[in-house]
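A.B. asks: These are the residues of each chain, in order.
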Amino acid sequence: MTAELTYFDGRGRGESVRFMLAATGTEFTEVFLKDKEHFTELRNGGDLLFKQVPLLKIDGLKLVQSQAICRYLARKHGMNGKTPEEKARVDMVNEGAHDFLSYFIPIGFATNTDEILKDIKSNHLDRYLPIFEELLIESSSGYLVGDSLTYADMTLFEVLLLAEENFPDSLATFPKLKAFMVKIGSLPRIKTFMESPQKKWIPQPDYVAHAKSVLY
Amino acid sequence: MHTMAPGEKARLTYFNGRGRGESVRFILAAAGVEFTERFLTEKSQLDKWRADGELLFLQVPLLEMDGMKIVQTLAITRYVARKYGLDGKSAEQKTRIDMLNEGARDFLENYFGIGFVPSTEKLLAQIKDTVLPRYMPIFERELAENTSGYLVGDTLSYADVTLLEALLNTEEFLPGSLKDYPNASKFLAKVSSLPQMKTFLQSSLRKGPNNDVYINTVRTVLEF
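Just so you know, the sequences run in chain order A and B. Residue numbering for the first sequence follows the numbering used here, beginning at 2 and increasing consecutively. Residue numbering for the second sequence follows the numbering used here, beginning at 133 and increasing consecutively.
Bear in mind the hints are in silico, worked out from the structure with no lab data behind them. Glycine included, C-beta positions come from ideal geometry on N, C-alpha and C. A couple of the hints might just be wrong.
As the list claims (entries may be wrong) - Between beta-carbon pairs, the in silico distance windows are:
id : chain 1 : residue 1 : chain 2 : residue 2 : range
1  : B       : Glu241    : A       : Glu116    : 17 to 27 Å
2  : A       : Asn113    : B       : Glu355    : 18 to 28 Å
3  : B       : Thr173    : A       : Glu116    : 27 to 37 Å
4  : A       : Ser197    : B       : Lys221    : 32 to 42 Å
5  : A       : Phe29     : B       : Glu241    : 24 to 34 Å
6  : A       : Gly186    : B       : Lys318    : 30 to 40 Å
7  : A       : Arg190    : B       : Gly340    : 49 to 59 Å
8  : B       : Leu306    : A       : Glu116    : 32 to 42 Å
9  : A       : Lys213    : B       : Lys141    : 44 to 54 Å
10 : B       : Asn343    : A       : Phe110    : 34 to 44 Å
11 : A       : Thr193    : B       : Lys221    : 49 to 59 Å
Unchecked claim - Derived coverage of chain B by chain A (criterion: at least 3 residues anywhere in the stretch with Cβ under 8 Å from a Cβ of chain A; other residues may be distant):
id : segment
12 : 182-194
13 : 211-224
14 : 248-261
Here chain B stands alone, though its shape is the one from the complex:
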């Protein structure tokens, strides 16, 4: 079984593309954790990692960090957040962040289908017509009520990081649709220009939108 070399940084194992792995990249960036990447490109790798017991639930992403092999995107996110103080200060804040992150996650996951569904155009229309009107007013109101500009309390939390990812997708695929949401627009500008996020978003760690190579790789490796 492969183990990390002494002094090796955190390592993310995922496809060379966004998907669920991107959320891990975002939280590591937000927490200022340097990481390397191991890309899943062939089924034989997945078979081997599964056989070697590296993937508890036989899936990626996998984050190797602090001597642990952590799987499940949200468990990874919450571990990193807890370690680096991105999970709220009080019991009430911790729960509020957890709740808002779940909702932001439901919002974000709509974008995962881009390139995979029969019609990306239809998917984006559906997001514009039903998903945005459902979620945006809620986040807009939360940001209005919390004067710091973050969703909860006065520092960045993992809920903010998930919302950032969702809003970046919204700007990218439905440009201009945030104009009716001034607080969300301000939030997007604020959080994406935080030094660690700005650096990440301009780096090659930030993956580009789903392209044919990525989609074909995922389909081939996961056999669907």
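So that you can see chain A by itself, here it is in the shape it has in the complex:
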């Protein structure tokens, strides 16, 4: 039975789930939120534990909370670290990467996108990029933790894509991060996903308007 992801036809918090589905080689179909009625129906229906999307139906389960979904997929496929210490490290690094990622999520939705970008550039870019560069310098495998792909790598990949998209030369002085992007982007499953129609891109105005009409 194929997994089914319910979310907007856009990135937002659903994209992290898509990346993990891709990384774990999990085929999935998508249900896009059509309109407010559709969302209300879903919320009243009982599948959305906290009345929010994304929702992933998989293995007979109805999973919500994007990071909990990612950790489920990671545990299932051994992408969560090998030892108790590694598991803690992957979790910790992922939390930091996710904090960084969260600053980018409102872009295109908030009325003050310029302020958001300014805030990221002044306060977060130079704070986080060196930390991840350092982690990769210390790693002999080119992955953030241990010697294989973990969910922390996928979160970092996602946020670095957004960093490059919004601040084109931001990775110029971080050779390990640049190499990391190539490494992860060249993994067969990730490459296939990036080139597939399931990969979502920059929110266009009509997508933003649609998403707002569903939510508000």
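Since chain A is already given, all that's left is putting chain B on it; use the hints.
C.D. replies: Chain B alone, transformed into the frame defined by chain A:
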């Protein structure tokens, strides 16, 4: 770089107050892990710890335990939970606990603003009017459906510990607001009277509500 002395217990580094550190205190208590505390009181300490590489993401809380320096509140929580069997028995339980903990966390974090926001009164009114009606029915239903009195399975999990913290805040700042939620009320009584939680809640490890000293310290050290 400072390292823990041989035989030293787990050590939490945080401000001398609740904030995000309190959740770490709760889970350590729930797991029966003894710990000491190192308090952040001045910016110079934060600068030094950052420079010494103790804080991976330049933030507290930091838990030193089992030879590791763990940061990020939820990563700390899940590590302790995994080690001490507070994370569910089956794959399905582990995920359910993870999901419920995320929701309980969203609920709990509303209380962090007390004393920091321009109007605590407005914040509490907002919690009462929108946050409680949003979250309480969900937890009430989960507790009703799971007959053990815990959120998932039949033993304490880290989701229960987060919910406990949120409900204690609710009772403290919005007294009486749990009267419409009998299962949550029972849960609160049950979990707060578990021996390890009772001992913790009566100890000085359990920090008091945000006061001026705490708020000023945080503002000064974190420069906001």
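A.B. asks: Each hint needs a verdict: does it hold in this structure or not?
C.D. replies: For each hint, the structure was consulted:
A beta carbon spacing of about 23 Å between B/Glu241 and A/Glu116 agrees with the range 17 to 27 Å that was offered as a hint. Between A/Asn113 and B/Glu355 the beta carbon distance is about 22 Å. The supplied range of 18 to 28 Å therefore holds. Taking 27 to 37 Å as the suggested C-beta distance range, the pair B/Thr173 and A/Glu116 conforms, at roughly 33 Å. Distance hint check: the CB atoms of A/Ser197 and B/Lys221 are about 37 Å apart, consistent with the given range 32 to 42 Å.
A beta carbon spacing of about 30 Å between A/Phe29 and B/Glu241 agrees with the range 24 to 34 Å that was offered as a hint. Between A/Gly186 and B/Lys318 the beta carbon distance is about 52 Å. The supplied range of 30 to 40 Å is therefore violated. Distance hint check for A/Arg190 and B/Gly340: the Cβ-Cβ separation is about 51 Å, which falls inside the suggested range of 49 to 59 Å. The hint said 32 to 42 Å for the Cβ distance between B/Leu306 and A/Glu116, and at roughly 33 Å that hint holds.
For A/Lys213 paired with B/Lys141, a C-beta distance near 51 Å keeps the hint of 44 to 54 Å intact. In this structure the supplied range 34 to 44 Å holds for B/Asn343 paired with A/Phe110, their Cβ-Cβ distance being about 37 Å. Taken as a hint, the range 49 to 59 Å is violated for the pair A/Thr193 and B/Lys221, whose Cβ atoms sit roughly 36 Å apart. Counting residues of the segment 182-194 of chain B whose CB lies closer than 8 Å to any CB of chain A gives 3, which reaches the minimum of 3, so the coverage claim holds.
Under the rule that three or more residues need a Cβ within less than 8 Å of chain A, the assignment of the segment 211-224 of chain B holds, with 5 such residues. Counting residues of the segment 248-261 of chain B whose beta carbon lies closer than 8 Å to any beta carbon of chain A gives 0, which falls short of the minimum of three for the stated coverage.
Hints 6, 11 and 14, counting from the list given before, are not met by this structure.
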